[in-house]
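Trainee: As a plain string of letters, each chain reads:
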Amino acid sequence: MNHFISPQDVPDLNQLITGGIVAKRNPFADKQLGENKTIGLLFFNSSLRTRLSTQKAAQNLGMNVIVLNVSQDSWGLEMEEGVVMNGANAEHVKEAAAVIGQYCDIIGVRSFAKLQDRDADYSELVFQQFRKYAGVPIVNLESATRHPLQSLADCITIEEFKVKARPKVVLTWLPHFKALPQAVANSFCEWMNGMDVELVVTHPEGYDLAPEFLGKAEVLHDQNKALEGADFVYGKNWSSYTSYGQVLVNDPAWMMTEEKMARTDNGKFMHCLPVRRNVKVTDAVLDSPRALVIEQAANREWAAQAVLKEILLGMQE
Amino acid sequence: MNHFISPQDVPDLNQLITGGIVAKRNPFADKQLGENKTIGLLFFNSSLRTRLSTQKAAQNLGMNVIVLNVSQDSWGLEMEEGVVMNGANAEHVKEAAAVIGQYCDIIGVRSFAKLQDRDADYSELVFQQFRKYAGVPIVNLESATRHPLQSLADCITIEEFKVKARPKVVLTWLPHFKALPQAVANSFCEWMNGMDVELVVTHPEGYDLAPEFLGKAEVLHDQNKALEGADFVYGKNWSSYTSYGQVLVNDPAWMMTEEKMARTDNGKFMHCLPVRRNVKVTDAVLDSPRALVIEQAANREWAAQAVLKEILLGMQE
Amino acid sequence: MNHFISPQDVPDLNQLITGGIVAKRNPFADKQLGENKTIGLLFFNSSLRTRLSTQKAAQNLGMNVIVLNVSQDSWGLEMEEGVVMNGANAEHVKEAAAVIGQYCDIIGVRSFAKLQDRDADYSELVFQQFRKYAGVPIVNLESATRHPLQSLADCITIEEFKVKARPKVVLTWLPHFKALPQAVANSFCEWMNGMDVELVVTHPEGYDLAPEFLGKAEVLHDQNKALEGADFVYGKNWSSYTSYGQVLVNDPAWMMTEEKMARTDNGKFMHCLPVRRNVKVTDAVLDSPRALVIEQAANREWAAQAVLKEILLGMQE
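Residue numbers (my numbering), protein chains in the order written: chain V, 14 to 330; chain L, 14 to 330; chain F, 14 to 330.
No lab work stands behind these hints: they were computed from the structure.
Among the clues, some could well be false.
Pairwise CB distance ranges (calculated) [said to hold, decoys possible]: (1) F:G219 / V:N99: 20 to 30 angstroms; (2) V:L26 / F:D300: 47 to 57 angstroms; (3) V:E172 / F:K127: 34 to 44 angstroms; (4) V:E308 / L:M328: 17 to 27 angstroms.
Derived, one-sided and incomplete: chain L residues facing chain F with beta-carbon distance under 7 angstroms [as the list claims (entries may be wrong)]: (5) L65; (6) Q68; (7) K69; (8) A178; (9) G242; (10) R290; (11) V292.
The list that follows gives simulated cross-link-like pairs (lysine-lysine, DSS-like), each with its CA atoms no further than 25 angstroms apart [said to hold, decoys possible]: (12) F:K177 / F:K127; (13) L:K127 / L:K191; (14) F:K238 / F:K37; (15) F:K238 / F:K175; (16) L:K50 / V:K50; (17) L:K44 / F:K175; (18) L:K50 / V:K37; (19) F:K50 / V:K44; (20) L:K238 / L:K181; (21) L:K50 / F:K44; (22) F:K50 / V:K50; (23) L:K177 / L:K37; (24) F:K238 / L:K37; (25) L:K44 / F:K44; (26) V:K127 / V:K50; (27) L:K177 / V:K44; (28) V:K50 / F:K44; (29) V:K37 / V:K177; (30) L:K238 / L:K175; (31) F:K229 / F:K175; (32) L:K127 / L:K177; (33) F:K44 / V:K44; (34) L:K181 / L:K127; (35) V:K191 / V:K177; (36) V:K50 / F:K177; (37) F:K50 / F:K37; (38) V:K50 / L:K44; (39) F:K50 / L:K50; (40) V:K44 / L:K44.
We put the CB at the ideal spot given by N, CA and C, even for glycine.
The following block holds chain V by itself, in its conformation from the complex (with noise of 0.2 angstroms):
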C-alpha cells in the first residue's frame, strides 16, 4: 500500500481490519519497522483522537513524530495552481508539500470541508496537491469528504462486537445547531459497503448523501422504522449535502434515545465523537453498556498502526 487517502488506494480491506486487531493483540511487535522513519502530521484543523492514536500508532511501530499545526506554526498555504499570490497565504502547496516530503517519510494531513462550495469540497484538491507534489506517502487524518481512519476503526470494532454474521448496521443522522461536514458519514457507507452487513441510512428530508458514497444503502426518512433489528446505530451528523453546507432541520426528535434504542436488537450506539451530550444523544445512552464510543476511539490506534505497517512494507519492496 502506498498512500491511504481513499478506499481505492486499499488493496485489501480485510487484511488492514485483522492487521488492526493483530496490532491490538500485540502493540510492539514491529518496533523495529520504523526505525529511522519519520511521519509529519499536519493539521489545518482540531484533533484530539486522530492527532494521539496516529502518534501513538506511529511510536509503537519506532517511528518519530514531527506534528505541524499549519496555521498556528507555519506559513498559510496556497492550494490553486497558476495564481499570483498576492495575498493571505505565503507558501504553495507545491513547495511545501515536496519540503515535507525531503524530511518526512510519510505525511498524515488533516483538512476539514469548508462547506463553502460543494465542488471545491468534493474536488479534495489538498489531498490532490499533497499526493501530487509529496513524493512520499499521504495518510487521511480527515479530509473535505472523507474520514477512513475512523471508518477503519469502526469496521474493527464491528468486527468485534458483531453477534451475527451479517449484523444490520444503521447510520442515523442526529441533530446540531452547527454546519458539519459529511465525511464521517460517507466514509462510514463507503466502507460498510465493503463489509457483509445490511446497511440502513436515516435522515431528515434533504440530507441525502452523495451517491458514490452511499452505495447500496437503503435510505429511510422514519428514524424509528430504520431502527428496528438494528445491532449497530452509527450516529452522526451531517450539514445537507444536496443544499451544500446548511442546516435545514435542528429537531431534537432525531436526538438518539434509550426509547428508540430499545427498537433495535440489542444495538450496539456508536458515534465517531468528539459528541454534544443530550443535543444529539442523551446521557442514558452514552452511560449506558450499549455505547461503543470509547472503544471505537480506542481502535483508532489500532486502525492508524495497521495502515502505518502497510505503507512501511510497502517501503521495503
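Based on these hints, arrange chains L and F on the given structure of chain V.
Mentor: Leaving out everything else, chains L and F in the frame of chain V:
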C-alpha cells in the same frame, strides 16, 4: 503511587524528595522503566517550566511524550455533568478523558483557577473528572488550588540548601497588578506542613489563605518582622481568597529588596517563576547569590522524574 | 564549536559544508552521539523548513527534541535589562534562558526582525541574551539579521551544483508588497564572502544592504546586466535597510522570469522559501529544472545535522 494530584496521593513525601535527589545524580538510570509507555501532557494554560521539565523527566525515563494544547489543538471540553451541550464546548470530559486514557499510560493536566467562583475553583472539578474517567494515573501540572510538582521541587531545594536541622521558612506575599491564583502559595504551605520547618506566612490584610492549606503556619501582617532570622524567603503573589480573586492591595512596599533580605539569617530567596522583576522583587535580589530561583526550576525536572518513576513502579505491581 | 549564531562562531566553514554532505550520504551514522541529549527549539515566529529540518536532524543524531512556540505555549519574554516589568511580558529572558538551559543541552531560537527600529534589530538583543544567560550552546534558527542554517544549506547546494571552480552568484532583490527582514539576504552575502565565488548583488535604489554583510560583493542596480553569465541566481525580497523597514518599490519588472534567466549561463534559480509564485518569480521558473528550491530545502536537514554534530562533539571535549 497511583495519581499525583494532591499530597493525599503521596504515601511518603520523604521518599519522593529522596527520589528527586537520586534522579539528579543519575538521570538515566531508569531508562528501561518507561519503555513503551506514553505520557500525555494536556495544557489548558501557558507553561514553560512544567512543559519542559516534565517532558524531559519522562524522556529520561525512556517514555514517549505527547503534548496537547487543549484549546489550540483540540475541542473545548465540557466539565459539568448532565448539561445540554449546546454551547461552545464540543466534547465532554467523560469521553475526552476516557479516550486519552486509551492512548496514554499517564496523563498530566494543567488547568488554572478561573478566579470567578471560589467554590467552582476549589472543587477542582477538572481533576475530579480526569481522575474519575481517564482510567489511568493523573499528574497535576498545576490545578486551580495546587501546584505539587513545584512544591516537591521546592522541598528538594530546601533539603539541598538548608544549613539548620529545622530552618525558618517565610512565605511572603509580593505585589502584582494582576489577579493570580493561590495555587502555588496553597501548595507550598501544604507541603511545608509536612516538613520539619518553622513556617511563617506574611501578607497584607485580606490575603489569608484557605485554612486547610495554611495548616500550622504562623501568620504575620508585618513583613519585616516575619523576615527576621529567616533561612528561606519564598516570594509569591496571590489574589484574595476571602474576597475571591480580587486585587485588594498593590503596594510596592511589599516588594522584596536587598534591605529586607538583610533582616534574614543569610536567607535564600525562592520563587516559582515566572517573576516580574522590579515589581515583585528587585534585580539586586534576583541577581545575587541569595536567589535560588534557577536551582528551584532545575529541580522541577527531578521532582517530575521522581513522581513519574513512582507511578511507573506502581504499574508493575 | 560552541554556539552557531553567526559565522564568527564557526571555526571552519568548509568543514561544516563537508559535514553536511557527509551527513546526507549516511544520515544515521552518528545516532549514538546525541543519546540522552535534548535540544529545545524556541519559536517566536512561524516556521516550516527550519522547524521540521532541525527536528529531523536532531533525531538523526539520536537527540530528544522539545519544541516551544513561545508566544502560544508560554509567557511573553522581556529582553531589556533593568526594567520594571509591569507590562505584557511576564518573564525575563534572564530567568527563561537560564531555566531552559537547565533542561536542554542545546537551544535553538528563532526571532525575526520587528522592522520598527534598526538599531534594536541589528543589536540582536534576543541572541545576545540567550548566549549570555542560557549556559548552553545556542543555534540561530533565524535572527533579526541572519539566517545561517539557510546560508549553510545554500553553500552545500552551490557546492553540489556548481560546474565551474569559481561560479558567478547573483543575489537579486525581488518585488513583494510586504516588508520583509534583511536576514536571509544579509546572511547569504556574509557566507558567500567566505566562499570562492564571484558575488554580485542587484536591487533597486534604496535597498542597499548593510556594508558589514555585503562585504566584497559588487552592487548593480541594473538587474539584466547583473544576471549576465550568472551560474546561480539567488532571489529574495527584503525591505529597505537605509529607510529602515520600508517598502520603497514594488515594481513587477523585478520579478524573475524565464526571459531573464535566459541571460544567465544556464544559471540555476535559488530561493530560501516560502516564495510567492508570480509575485517574486514566475511559475515557469519555479517549475523548470533550473529551480533548486527543493534541493536547498532538503539540504536544510544536512546543514542542521552538521551544525548539531559539531556542537555535540564540542561538548565531549
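Trainee: Hint by hint, where does the structure go against what was stated? Just the numbers, ascending.
Mentor: Going through the list in order, the structure violates hints 2, 3, 8, 9, 12, 14, 17, 24, 26, 27, 32, 34, 35 and 36 and respects the others.
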